[in-house]
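Chains as they are written, first to last, in the numbering used here: chain A, 1 to 114; chain B, 115 to 225.
Incorrect hints may appear among the rest.
[Unchecked claim] Derived DSS-like pairs: lysine-lysine, alpha-carbon spacing no greater than 25 angstroms straight-line:
no.	chain 1	residue 1	chain 2	residue 2
1	B	K155	A	K113
2	B	K185	B	K133
3	B	K158	A	K49
4	B	K158	B	K181
5	A	K109	B	K181
6	A	K109	B	K158
7	B	K133	A	K109
8	B	K150	A	K49
9	B	K155	A	K49
10	B	K154	A	K113
11	B	K166	B	K123
12	B	K150	A	K78
13	B	K166	A	K109
14	A	K109	A	K58
[Unchecked claim] Covered by chain A, according to a simulated footprint, are these stretches of chain B (three or more residues, beta-carbon under 8 angstroms):
no.	stretch
15	145-157
16	206-220
No wet-lab data here; the hints were simulated from the structure.
Just so you know, even glycine gets a beta-carbon here, dropped at the ideal spot from N, CA and C.
Next come the chains, spelled out residue by residue.
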Amino acid sequence: AQSVTQLDSQVPVFEEAPVELRCNYSSSVSVYLFWYVQYPNQGLQLLLKYLSGSTLVKSINGFEAEFNKSQTSFHLRKPSVHISDTAEYFCAVSNPNSNYQLIWGAGTKLIIKP
Amino acid sequence: DTAVSQTPKYLVTQMGNDKSIKCEQNLGHDTMYWYKQDSKKFLKIMFSYNNKELIINETVPNRFSPKSPDKAHLNLHINSLELGDSAVYFCASSQAPWEQFFGPGTRLTVL
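Model the full structure from these sequences, guided by the hints.
Right, dumping it as structure tokens:
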């Protein structure tokens, strides 16, 4: 069975500093990988996804994530965060052999300090 | 021009009552979902419907019953509400299963 681990429940970081949110997964088959973002008092929205091809994927607002098969990781990074990045970030995996059902991590709260 | 809408946004009710949450999507998606998010932000899928047919039914008390009158609507009815049902409930829809579009959520508080 697949599982997703987000080791950090909260990550505080100063504005304009770099950040990394960690995500590890376990699976015996190839999976698709995703990051979703939940801004305060809103629903989740897809931030970026890895389906195949280049292992480095980027979002339009400066986030990027790299699929590392050997380490079964899909960490999310941003070189310089802004106060507007304050949100909960969820990593998820989707198993193509199981109706592509999303398995969710527990979420990481990104706290931007001014 | 809301893609996935839910009503009501807030729901405060007494233990033992029955309540419903409605969800509508105007994206033309085939699949709709109900999620429960607890106070620690943990997200748990409850149900999934594809073209009005139930395809995912996780371990959820049978007090929770989803109803899909058509492809664009998925309502959630909850009987005999308990304190532990307090949470934010999200509706979502998708065409590709991994790209889900979430509604704004319904915050349910059971007193």
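Hint check results:
1. B:K155 / A:K113: 21 angstroms, holds
2. B:K185 / B:K133: 22 angstroms, holds
3. B:K158 / A:K49: At roughly 20 angstroms apart (the allowed maximum being 25 angstroms), A:K49 and B:K158 satisfy the hint.
4. B:K158 / B:K181: 19 angstroms, holds
5. A:K109 / B:K181: Status violated; Cα separation ~33 angstroms.
6. A:K109 / B:K158: 17 angstroms, holds
7. B:K133 / A:K109: Roughly 31 angstroms separates the two Cα atoms, so the pair is violated.
8. B:K150 / A:K49: Cα-Cα ~23 angstroms, so holds.
9. B:K155 / A:K49: Given pair B:K155, A:K49 holds - Cα atoms ~21 angstroms apart, limit 25 angstroms.
10. B:K154 / A:K113: Satisfied, since the Cα-Cα distance of roughly 21 angstroms is no more than 25 angstroms.
11. B:K166 / B:K123: 24 angstroms, holds
12. B:K150 / A:K78: 29 angstroms, violated
13. B:K166 / A:K109: 35 angstroms, violated
14. A:K109 / A:K58: 20 angstroms, holds
15. 145-157: holds (count 4)
16. 206-220: Check passed, 11 qualifying residues.
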